[in-house]
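J.: For reference, the chains in residue letters:
Protein chains: 2
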Amino acid sequence: MQPQSNVLEVGKKLVDYCKRNQPLKAVDELYSEQIESQEAMETPGMPANVRGLEAIRKKNKQWEETMEVHSSQVDGPFPLGDRFAVHFKYDTTDKKTNQRWQMEEVGLYTVKDGKIIKEEFFYTM
Amino acid sequence: MQPQSNVLEVGKKLVDYCKRNQPLKAVDELYSEQIESQEAMETPGMPANVRGLEAIRKKNKQWEETMEVHSSQVDGPFPLGDRFAVHFKYDTTDKKTNQRWQMEEVGLYTVKDGKIIKEEFFYTM
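Protein chains in written order, with the working numbering: chain A, 1 to 125; chain B, 1001 to 1125.
No wet-lab data here; the hints were simulated from the structure. A few of these clues could be false.
[Stated by the list, open to error] Lysine-lysine pairs mimicking DSS-like chemistry, simulated, CA-CA at most 27 Å apart:
(1) B:Lys-1013 with A:Lys-12
(2) A:Lys-118 with B:Lys-1118
(3) A:Lys-61 with A:Lys-95
(4) A:Lys-13 with B:Lys-1089
(5) B:Lys-1013 with A:Lys-89
(6) B:Lys-1012 with B:Lys-1058
(7) B:Lys-1095 with A:Lys-118
[As the list claims (entries may be wrong)] Here are a few chain A residues that sit away from chain B, every Cβ distance over 12 Å (derived from the structure):
(8) Glu-29
(9) Gly-52
(10) Met-67
(11) Arg-83
(12) Ala-85
(13) His-87
(14) Lys-89
(15) Asp-91
(16) Arg-100
(17) Glu-105
(18) Lys-112
(19) Thr-124
C-beta: ideal position from N, C-alpha, C; glycine also.
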């Protein structure tokens, strides 16, 4: 199961957008209409599983509005077959509570026909 | 889909064994008889997909015999449902060719009944 070439291409573009803190541009360019997004846990006002581009955009806007990102480290993409993984570290502050968070997670992305159809986020809190 | 508590437990034990460079102890304690191991790519003498404890032990012995590990960084475990991810960085030398390798990959592990039934390794070369 060699990685498909477009999986690596899509992964590199996603990592570039994440490094530039432009997740909404990644959604516009790289995500499928049928996108499914799965979080390890649900949070207040956000279910663990959402589907569709509008739900993903809402989720990313909520992240941008809620969290101030002081610095980030984005490692990857690491491909296998039709999927790729990315390792994220964020140093953030929750704008509402002023609480500082060091967040770390792995994102696992599934690609079909050159578009991301599933994203899954692995972490503890 | 909250992470199952034994998934996190198994993940922590696996990360401990990896940090101590004792992968064969991890196999003995944490792996199912039905283990399936999937690499992003096949390498000389090693197919991309192998099954069963004996094949996994052979693979780990081959790694130990082939690679000298100068230092490693193991981040995780990051759980989601019945799976957890681990981010690995290794500074190694291939003992046969004397070539130095900086390797980086994400391992994705699936747990069933307290045992690892699948490991998948995401990387490029």
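J.: Is the nearest Cβ of chain B still more than 12 Å from the Cβ of His-87 (chain A)?
T.: violated (4 Å)
J.: Is the nearest CB of chain B more than 12 Å from the CB of Asp-91 (chain A)?
T.: holds (15 Å)
J.: If we take the beta carbon of Thr-124 (chain A), is the closest beta carbon in chain B still more than 12 Å away?
T.: violated (6 Å)
J.: Next pair to validate is Lys-1013 (chain B) with Lys-89 (chain A); report whether the Cα-Cα distance is within 27 Å.
T.: At roughly 22 Å apart (the allowed maximum being 27 Å), Lys-89 (chain A) and Lys-1013 (chain B) satisfy the hint.
J.: For Arg-100 (chain A), which was marked as not at the interface, is the minimum beta-carbon distance to chain B over 12 Å?
T.: Label holds. Min Cβ-Cβ 20 Å, cutoff 12 Å.
J.: Beyond 12 Å from every Cβ of chain B: is that where the Cβ of Met-67 (chain A) lies?
T.: holds (19 Å)
J.: Report holds if the minimum CB distance from Ala-85 (chain A) to chain B is greater than 12 Å, and violated otherwise.
T.: violated (4 Å)
J.: For Lys-13 (chain A) and Lys-1089 (chain B), compute the direct alpha-carbon distance and say whether it is at most 27 Å.
T.: Holds, because 22 Å separates the two Cα atoms, which is no more than 27 Å.
J.: Does the structure keep Lys-1013 (chain B) and Lys-12 (chain A) at a Cα separation of 27 Å or less?
T.: Roughly 32 Å between the alpha carbons, so the hint for Lys-1013 (chain B) and Lys-12 (chain A) is violated.
J.: Determine whether the non-interface label on Gly-52 (chain A) survives the test: each CB of chain B must be over 12 Å from its CB.
T.: holds (19 Å)
J.: Are all C-beta atoms of chain B more than 12 Å from that of Arg-83 (chain A)?
T.: Violated, since 7 Å does not exceed 12 Å.
J.: Taking the shortest Cβ-to-Cβ distance between Lys-89 (chain A) and chain B, state whether it exceeds 12 Å.
T.: violated (8 Å)
Checked against the numbered hints listed earlier, the structure breaks hints 1, 7, 11, 12, 13, 14, 17, 19; every other hint is satisfied.
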